[in-house]
Amino acid sequence: MLERLASSSQLCPLPPGVDVVVQGSPAHAFYAVVDGRVVVHRDAEVLAHCEPGEGFGERGLLDNAPRNATVTTEIDTTVLRIEGAVLLESLEHAPMLETALNRSNAGRGVVDIPAGQANLIDDPRWAGA
Amino acid sequence: MTVDGATVVVVGAGYPGKRRIYRRMAELGARLVILDEAGHWSEGLVAEGLAAQWLATTVTGDPERDAPAVVDALSAASVRPDAVLTFWETCPPVAARVAAALGLPGNPVEAVDVARSKLRTREASERAGLPTPKSRRVRSLDELFADAAEIGFPAVVKPEFGHSQVGCVRVDSFESLPGVYWLVRKELETTHVVDLRAGNDLLLEEYLDGVEFDVDLVLEDGECVFSSVSQQAPTAEPSFQEAGLHCPPDYGSKQVRSLVELCVQTVQAFGFSRGVLHVEGKCTTKGPRIVEVNARMGGGRIHQVVDAVWGVDLIEAHLRAALGLPQQLTPSRKPRCAVWHALVYPSRSGLLETLPFTNVTSDVGFGPFVDVSAEVGQMVDGPDRTFSTLLAEVYVGAKDLKRARSLGAELLRDPPVVAAAATTA
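Protein chains in written order, with this note's numbering: chain A, 1 to 129; chain B, 1001 to 1425.
So here's chain B without its partners, still in its complex pose:
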């Protein structure tokens, strides 16, 4: 078995930005068979020459229903896959079930399910004796108040399913509790990264102070064979909308090592043994803590960031794991460069009038990448609405972090101009 020529089933293609991943997999020689809902943008990947086949399947958000539908679709199309995987947030439980049903390599369904639910993540972590923030599932307004009295303030309300802190909001008092229903619902209804069909119970959790990190892991035979750490920029609380990151981190190396150790212990305790995982955690004043575990590769351009900084191709690593092939990682001992990333939000709510970016040149050939997600002329939400509209993401690499930050600041020298909502009405 080799990657070249292998039939690889992709369950759930995700948003169009994932095209980069499928292009890379096609470059590696994988023969992609992509399954998603009828009418999904990914159907066009066949015409683009990136996928060999595209099949429609049912996507309900319930893996017990969606996995058999995928197996049936593959059978009906006479597809005999060598691997089943996904890079899309909502689909690891489906991909894990399909792989298990077809006898293909994959992580245990139970481990993937534990990671998908933030509540089960907390429960499993506590059972494993790992440091775990207090957490309660909230099914009603009645429970929200009762659990807040037990957990105390500040606390964090978040959807049970989701990632990247989408829909997460800090609450500081009983008075602020009812408002979270409006905030979280509005955020979830306008994002593409949380599938409400998977359930929309909320979690109330102990607030974690400190600095947040993304930890990308590659596991092989139950052991961590590679890790990359990216340091998150502070978020504009009470929302926890991501503000950006940089890789490598410039935080205390001892604390970061402790966090990576906790991440590895956690995924091992859950039963993960292979592939690429994306864990988010914090170095708090009480020590390292896990925020969430994702049974998939990190989103956005994180794979490009890791490749630029460490020379490790996470897409290939994930592909090899799904095919049951040994990893062939040769990470750089020292960072090859530094990458700075920022998410651009409006300073206030209103009409987006301009979204300028200054031309800069990376001295290491990484970027700048500008991924625009808003259009001039559209109404946007600013910090006054708690969850701001994402306007763009920018990435730039340089020989060191200082230079990368400087280039990033130059790239964003002219801020977006937003006309106040009241004057545009």
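Looking at chain A on its own, in the form it has when it is part of the complex:
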């Protein structure tokens, strides 16, 4: 399973200002920040920042829901992209991965989510805040 995940993953070095996902579009993949920093924003309001070791985008895959925020690189950034279909297939074979994914992200406590911003973006850290 890990080999399958690894083979469907790709490191993506990006310049600043690239939208990795955009609000309202279908979810296709899960992303983890390997290097650099991304900003999560919606309607010109900054919701959070993600730094190396943090991931985003799994909630849209798990819920088959459109992205409800945009994530943009702030500086030269490398993200690890895991193809959504492969991630979902992996979760079917190993349900504990989903729990780990949620726990891992929940534990990271990404920066200050404003009160009342729950369910704004397709990430459990923000959606459940």
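Hints listed in this document are in silico derivations from the structure and should not be mistaken for laboratory results. All figures in this text were calculated on a predicted structure; none of them were measured in a lab. Please note that a few of the clues may not be correct.
Computed Cβ-Cβ distance ranges for the label pairs, DEER-style [unchecked claim]:
hint : chain 1 : residue 1 : chain 2 : residue 2 : range
1    : B       : G1039     : A       : L80       : 41 to 49 angstroms
2    : B       : Y1015     : A       : A44       : 29 to 37 angstroms
3    : B       : L1130     : A       : A65       : 31 to 39 angstroms
4    : B       : D1371     : A       : A85       : 50 to 58 angstroms
Some chain B residues judged to face chain A by a derived CB distance under 7 angstroms, without partners named [as the list claims (entries may be wrong)]:
hint : residue
5    : R1139
6    : S1140
7    : L1141
8    : D1142
9    : A1146
10   : P1178
11   : Y1181
12   : W1182
13   : R1185
Every residue gets a Cβ at the ideal spot worked out from N, C-alpha and C, and that includes glycine.
Use these hints to put chain B onto chain A, whose structure you have.
Okay, now just chain B, sitting in the frame of chain A:
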């Protein structure tokens, strides 16, 4: 109404090479009023005697904001134009809106907007039932991968706005996708021909094989009254940086005719009815396909090329269309001569040490023209950086294509010398 003495508003003057166009318009007797951003080089055209007036205006890249600013500037200066036009890539949507607002002749705003956006070009072409390459707007890395899975490889990534294949790059695998952001951005940031303020979404398109052509059209009352075809030299993929062209083409005449027919059908379907248009297309193994439609005259010296080969002055044709005057074209039935054109790039990245050109003499009096755009001593990018630095453009005319090619080869006999970057650091 005549051209002589007409007040002609030029919206957006473009790069300094466009001075040739304004000189020709002044020769024809047009009284030019040029509008551009404060501090633009074109302000000097008044002192040169080529323009009667120069007015500062706002240029944001958004035609809905820029057009009213132009109208206001004209009103404030008490200018009552007889025509509004542009020869600059980013400005047809503004010029079309200004012409419409002032009740002057012009193409429909909708048609011009469709041509400006490559995505809308594809959508309109598909709606018209014309052969259309698969195309998707890409707003994010997420969409880039998803759309590539749908379109397949090879594919082409390009900016939504732009022309002449600037910033276009072929992609052959998922692994190559993230790199396009670096490549396209770098190219767009260093070019003057794409206005990033107009938006920088990318398009992912089906790759088109075959030979590319520039098709310059003159429309009058919705009909094509003249066309000139120039055949593009093969590009050094994965970039699609133009390598040069020759006019007339020496490709299969049947295929070229099919492409011209498709170009005319396309611009008619979009709603264009008048003036000079520059369409780029390909004769592919699946038949003719449109690459892009430009609601303006072709750039560079293409107007001089068309004049030399066919005896048609595209500048005058565009001017007459903007003034609502009937065309007076008397194109030659056979090519008067052949023109060969090449863009000169470095063979590798590094320090440009020499940029030599050999003296040649055109046997038809066309050129040689050498338009240098780089300076000896500057760092230049070669094919290893995908998008190479343009060093110069050369044009030469001769009695036939064989002779023009021969003169061109002689002109470029000694290649530019570039010291490798590593040894110059």
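Hint-by-hint comparison with the structure:
1. The hint said 41 to 49 angstroms for the Cβ distance between G1039 of chain B and L80 of chain A, and at roughly 45 angstroms that hint holds.
2. Against the hinted window of 29 to 37 angstroms, the Cβ-Cβ separation of Y1015 of chain B and A44 of chain A comes to about 34 angstroms, which satisfies the hint.
3. Hint check: L1130 of chain B to A65 of chain A, Cβ distance near 37 angstroms, so the stated range 31 to 39 angstroms holds.
4. One distance hint, 50 to 58 angstroms for the beta-carbon pair D1371 of chain B and A85 of chain A, holds here, with the actual separation near 51 angstroms.
5. For the restraint placing R1139 of chain B at the interface with chain A, the shortest Cβ-Cβ distance is roughly 5 angstroms, inside the 7 angstroms limit, so the hint holds.
6. The interface hint given for S1140 of chain B is met, as the beta carbon of that residue sits about 4 angstroms from the closest beta carbon of chain A, less than 7 angstroms.
7. A cut of 7 angstroms between beta carbons decides the hint on L1141 of chain B: the least distance to chain A is about 5 angstroms, and the hint holds.
8. The closest approach between the C-beta of D1142 of chain B and any C-beta of chain A is roughly 5 angstroms, which is under the 7 angstroms cut-off, so the hint is satisfied.
9. Checking A1146 of chain B against chain A by beta carbon gives a least distance of about 4 angstroms; that is within 7 angstroms, so the hint holds.
10. For the restraint placing P1178 of chain B at the interface with chain A, the shortest Cβ-Cβ distance is roughly 4 angstroms, inside the 7 angstroms limit, so the hint holds.
11. The restraint placing Y1181 of chain B at the interface with chain A holds, with a minimum CB-CB distance near 5 angstroms, inside the 7 angstroms limit.
12. The interface hint given for W1182 of chain B is met, as the beta carbon of that residue sits about 6 angstroms from the closest beta carbon of chain A, less than 7 angstroms.
13. Residue-level restraint check for R1185 of chain B holds (minimum Cβ-Cβ distance to chain A is 6 angstroms; threshold 7 angstroms).
Checked against the numbered hints given earlier, the structure satisfies every one of them.
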